[in-house]
Amino acid sequence: MLLPVDSEHYLEVSAEVMGALREQPGATVQVLGWDEAFVGIATGDPEAYARALQAAVMARTRLNCSVGIGDTLVRAKVATGFGKPRGVFRLTADNWLEVMGDRRTADLWGIGAKVSKRLAGLGISTVAQLAATDPAELVGEFGPRMGPWYAELGRGEGSRVIDDTPWVARGHSRETTFQRDLVEPAEIEEALRVLVAHVLEDVATEGRPVVGLTLKVRYAPFLTKMFTRKIPVTADPTEVLARALDLATRIEPDRPVRLLGFRAEMTMPEGTPATSTPPPEAGGDGPP
DNA sequence: TCTGGGGTCCTAGGACCC
DNA sequence: TCTGGGGTCCTAGGACCC
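For the first sequence, position 280 (counting from the first letter as 1) is numbered 280 according to this note's numbering, and the numbering increases by one without interruption.
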């Protein structure tokens with residue numbers, strides 16, 4: 001059975017959940033998505049604190065949740081999986097290898113199917129093997145940042161800092177998979193205009209100008225292309241649309257289009273770090 | 001998983017400049 | 001004119017997560 005998405009309601013409830021977390025004494029809350037957050041706290045009895053969190057969320061929203069306790073963000077995040085459903089689990093330097101050592105690298109937060117396969121090609125299949133790997137050995141395969149970061153993940157190490165500064169989106173995008181492939185240039189252009197309008201609505205609520213565009217095109221079987229372009233800073237929707245239509249000239253004619261996507265990148269507010277210095281916590285902590 | 005949508009970050013290669 | 005090295009910017013593509 002399929003139910004329609006009610007994102008407005010989810011957002012409301014999400015805000016209630018986060019509100020309940022923030023009310024806890026001493027809590028620093030870093031939202032990870034609609035249904036997930038890090039809570040920073042120093043306490044002698046983390047399990048009791050976790051139960052209190054669950055009770056608070058339940059009282060306010062009648063929703064259950066699981067809590068992972070950890071001494072790093074990665075360990076806490078992974079621990080949450082063991083807490084499900086409705087439970088609490090603690091994962092620290094003391095039991096990390098005991099619990100995770102024999103598991104596949106893909107069980108780590110930040111390592112997916114592709115990377116775990118490449119790791120296996122290097123003879124690294126388990127978390128314990130990854131943990132024992134010299135970070136420098138992974139640079140050749142994964143590059144100077146990702147290589148060492150994967151080794152760190154294997155050990156469960158990494159940031160311990162909960163950052164509660166509000167999320168600031170780098171950009172906004174919309175994409176649509178069409179029920180029927182588009183072929184006529186006119187209907188492709190019309191679809192793009194609709195996408196651009198939606199994206200610009202989202203951008204307008206942020207009040208920041210646009211600095212870059214990406215056009216995503218999925219052709220008939222499943223070939224996806226993306227065209228990206230920096231543009232001179234502008235807050236003018238007409239200007240953005242014109243640039244978008246110009247990008248669209250790169251769509252191959254006479255080729256059925258199954259999906260069209262459009263993304264606008266905005267300037268970041270003053271005081272926002274231009275690039276995040278620490279290693280990626282995981283691509284894409286979604287917005288609250 | 002024969003394929004939804006909205007995000008983020010990293011890497012490689014080419015262009016350009018000094 | 002050719003050669004070389006190093007830095008920065010841009011674009012395309014890949015990977016991951018919720």
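Hints in this document: simulated from the structure, not taken from any laboratory.
Since the model is a prediction, treat every value here as computed from it, not as a measurement.
Heads up, a few of these hints could be off.
Unchecked claim - Using 20 angstroms as the maximum straight-line C-alpha spacing, the simulated EDC-like pairs for lysine to aspartate or glutamate come out as follows:
1) K117 with E141
2) K216 with D254
3) K216 with D202
4) K114 with E141
5) K84 with E141
6) K117 with D94
7) K216 with E252
8) K225 with E201
9) K114 with E137
10) K84 with D107
11) K84 with E36
12) K216 with E184
13) K117 with E152
Unchecked claim - Computed spacing ranges between beta-carbons, pair by pair:
14) L245 with A106: 22 to 30 angstroms
15) R255 with V161: 44 to 52 angstroms
16) F82 with T249: 38 to 46 angstroms
17) A120 with D236: 45 to 53 angstroms
No residue lacks a Cβ here, since even glycine has one placed at the ideal position from N, Cα and C.
Comparing the hints with the structure gives:
no., hint, result
1, K117 with E141, "12 angstroms, holds"
2, K216 with D254, "17 angstroms, holds"
3, K216 with D202, "18 angstroms, holds"
4, K114 with E141, "13 angstroms, holds"
5, K84 with E141, "34 angstroms, violated"
6, K117 with D94, "28 angstroms, violated"
7, K216 with E252, "12 angstroms, holds"
8, K225 with E201, "25 angstroms, violated"
9, K114 with E137, "18 angstroms, holds"
10, K84 with D107, "15 angstroms, holds"
11, K84 with E36, "13 angstroms, holds"
12, K216 with E184, "17 angstroms, holds"
13, K117 with E152, "18 angstroms, holds"
14, L245 with A106: 22 to 30 angstroms, "42 angstroms, violated"
15, R255 with V161: 44 to 52 angstroms, "48 angstroms, holds"
16, F82 with T249: 38 to 46 angstroms, "52 angstroms, violated"
17, A120 with D236: 45 to 53 angstroms, "50 angstroms, holds"
In the structure shown, a violation is registered for the earlier hints numbered 5, 6, 8, 14 and 16, in ascending order.
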